[in-house]
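Colleague: For reference, the chains in residue letters:
Protein chains: 2
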Amino acid sequence: MLLKQLFATRTHRMEASEIRELLKLLNRPGLLSFAGGIPDPDLFPAAAFSAAFQAALEPEYQAQALQYSVSEGYLPLRQWIQREMARMGVPCDTDNILITSGSQQALDYLGKLFLSPNDTALVGWPTYLGALAAFNAYEPRYDQLNPGGNRSPASYRDAAAEANSRVKFAYLSPDFANPTGETLSLSGRKALLDLTEELGCAVIEDGAYHALRYEGETIPPVLALEIAQKGSLEQCRTVYCGSFSKTLSPGLRLGWVVASKPVIAQLVLMKQAADLHSPTLNQMAVHQVAEACFDAHVAGLRQAYGARRDAMLSALQTYMPEGVTWTRPKGGMFVWLTLPQHVDTAEVLVRALDQENIAFVPGQAFFADGAGCNTLRLSFSVLDEAEIRTGIERLGRLLSGA
Amino acid sequence: MLLKQLFATRTHRMEASEIRELLKLLNRPGLLSFAGGIPDPDLFPAAAFSAAFQAALEPEYQAQALQYSVSEGYLPLRQWIQREMARMGVPCDTDNILITSGSQQALDYLGKLFLSPNDTALVGWPTYLGALAAFNAYEPRYDQLNPGGNRSPASYRDAAAEANSRVKFAYLSPDFANPTGETLSLSGRKALLDLTEELGCAVIEDGAYHALRYEGETIPPVLALEIAQKGSLEQCRTVYCGSFSKTLSPGLRLGWVVASKPVIAQLVLMKQAADLHSPTLNQMAVHQVAEACFDAHVAGLRQAYGARRDAMLSALQTYMPEGVTWTRPKGGMFVWLTLPQHVDTAEVLVRALDQENIAFVPGQAFFADGAGCNTLRLSFSVLDEAEIRTGIERLGRLLSGA
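Which chain is which? The protein sequence lines are W and F, in order.
Quick note: to get the numbering used here, add 5 to the position in the first sequence (first position is 1).
Quick note: to get the numbering used here, add 5 to the position in the second sequence (first position is 1).
For reference, chain W alone in the conformation it holds in the complex (with noise of 0.2 Å):
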């Protein structure tokens, strides 16, 4: 192709995924996808945005909603970020937050202004695809993150210095992650403060599903840890992404990202040369939502997506067969599963296609290194009770058999 030969060299790491292809083309009836981690459409506050847009849009407002803006963001909704982060224990100022247009765009941004080629970022095995994709146009080296695991702060180091690297940051999204649904314990987080401190890197909290709790008590943010070790925001190493893509809407694409004020600047003129800003009646309706409902709305998805966890979790139960083992997520969307060393699920997901009508992501998409083949994640956001029971059945009749 005649442009092809001009593209830069980070276009090699920007692949199409042939499973998210396929995936994206299943719309076959009497399908019981697991696949997709989106929130359940019949959930959105409609009747409250549907309000919000018509308010954002009458005359005494229309011309700031419809005009350019500032790249900050609109102040309103940054002052009520504010106040949720300080019930988070994130004690902060307006200037300490960014809108982007998802936390997708703030884990770009992040990349953007961390990594130069051959840098190292540190991330689960596995980890979040989109972060991945994110990161890859920076063209990093990455290495396993595994807080509280047996490796030493000089292992990282030395392995990033054989390599010409040097380590830039550490991501995680620390409650339920996306893909396994596990949560990084009170001790997890801290020993992850004192790996980063002694690599003297950053830290990327990705806290996308942060609001999602389906039991057992909240653990405080990272940043909320460090905020407590050393006194200010401005001291901290932890730059934390937060979301309504899972709590209000993720096709308004409103996010936002809290650090302190020198790394907001600087993601400010980035965001100033890449968009201009986020736009303005989004975030003018979301403010508006966000104010007159978002701890009763967030109680109630909370209440349904705790209700499919607890179905997925039983029929697992019910339905696996010997060898295949899955985690127990507190919250979130996703349930991991393992199946023994030797099975493929990219295969298996062909004949759970042909076979049993379901779908489910494999795993592999999820790991920097490749591995993984064994392993897949389902999602239990979408399907009713009886949908998910129906389809777990069907999944554990095709891994019996297979």
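None of these hints come from the bench; they were simulated from the model.
Everything numeric in this text was worked out from a predicted model, so none of it was measured.
Be aware that one or more of the hints could be misleading.
[What the hints assert, rightly or not] List time: in silico EDC-like cross-link candidates among lysine to aspartate or glutamate, alpha-carbon distance up to 20 Å:
hint, chain 1, residue 1, chain 2, residue 2
1, F, K266, F, E77
2, W, K266, F, E26
3, W, K9, F, E203
4, F, K335, F, D45
5, F, K9, W, D100
6, F, K235, F, D98
7, W, K266, W, E77
8, F, K266, W, E20
9, F, K9, W, E239
10, W, K335, W, E220
11, W, K335, W, E187
12, W, K266, F, E20
13, F, K9, W, E202
14, F, K235, F, E202
15, F, K266, F, E239
16, W, K9, F, E239
17, F, K266, W, E26
18, W, K195, W, E239
19, F, K335, F, D315
20, W, K9, F, D100
21, W, K235, W, D98
22, F, K266, F, E89
23, F, K335, F, E222
24, F, K9, W, E203
25, W, K9, F, E202
26, W, K266, W, E239
27, F, K335, F, E220
28, W, K335, W, D389
29, W, K266, W, E89
30, F, K195, F, E239
31, W, K235, W, E202
32, F, K195, F, E222
33, W, K335, W, D45
34, F, K335, F, E187
35, W, K335, W, D300
36, F, K9, F, E20
Assemble the complex: chain W is given as a structure, and chain F must be docked to it using the hints.
Modeller: Relative to the frame of chain W, chain F by itself:
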């Protein structure tokens, strides 16, 4: 600062503009500002948007409007753009179109697509400030684009080779460019195609102001001329960027890219990794407003902005002292002034604010090489004719005393 030492080298090229910061803070009574290159909010089709957002949030559509969506963009909007591009002499498929969050995002993505550090981008001296900001993140070298001028293709190639560089693309806005207001002639467009063919590089055509012509015949876009030469968009090296910011609303952040399919496919992967997709609801609303009233609305804009351009050109004729020259734009939002060589317009701005309560943008920021100290940009888009006349009278008084 703790984390600053971890920033990637590209951040050295992302700096706050002092003047942009200064102008951002302007909010004083009686100020007549020619600075902001923004549409007049009184001309937004606000009632049409209010109806469109309400319709998209009706029960039938709300799940789609608020949910995740495909990275390519909302199909009916791409179909509308397909028809619009055909009218402009650019026949294409919907697979040749990507929806972006404003054409600013298209410029960021195209920099990301083509530029490795030290690659060469050809840009006008002056050129759109936001294009330089977007490209700077990918650490290019710049050379001066001057289509139809007296530089040979070899001279560009030699200069690049000497800098261990390679020419990747030429960027330009052929109609009523920001900041000069100038239009590239038909022969200039053909010369550009000849030059870039010789150099084997891409063309990034920024059509942000294309629809806002106030006099004279439309000149086909560079991409239309290239398709006419080569027979098919798939053979073309031109990538076209369009925008709804100047016609319908900038705050909703929607634009598009038209290019050959492999280029769009790569940009779709890039968007998926960078922000997943532009907000679904906004795309549905813009589609509905475009279908309902695009042509009639744009006709109204042409009339209103055309009258303001006339008022500005006439006032400049009346009030400018000898030694000041200016462009006579056939469309867009800007007139470009050149003052005597020794005058520093950054210094004039300070006195303009202080003595005459008027504002403009000093020209230097629009030059990749830091030249243009004696130039300035005036926007005629937000003031009415009487204000324009008064403001230009004040500017004339200031410059006569200078």
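Colleague: Which numbered hints are broken by the structure, listed smallest first?
Modeller: Of the numbered hints given earlier, the structure breaks none, since each of them holds.
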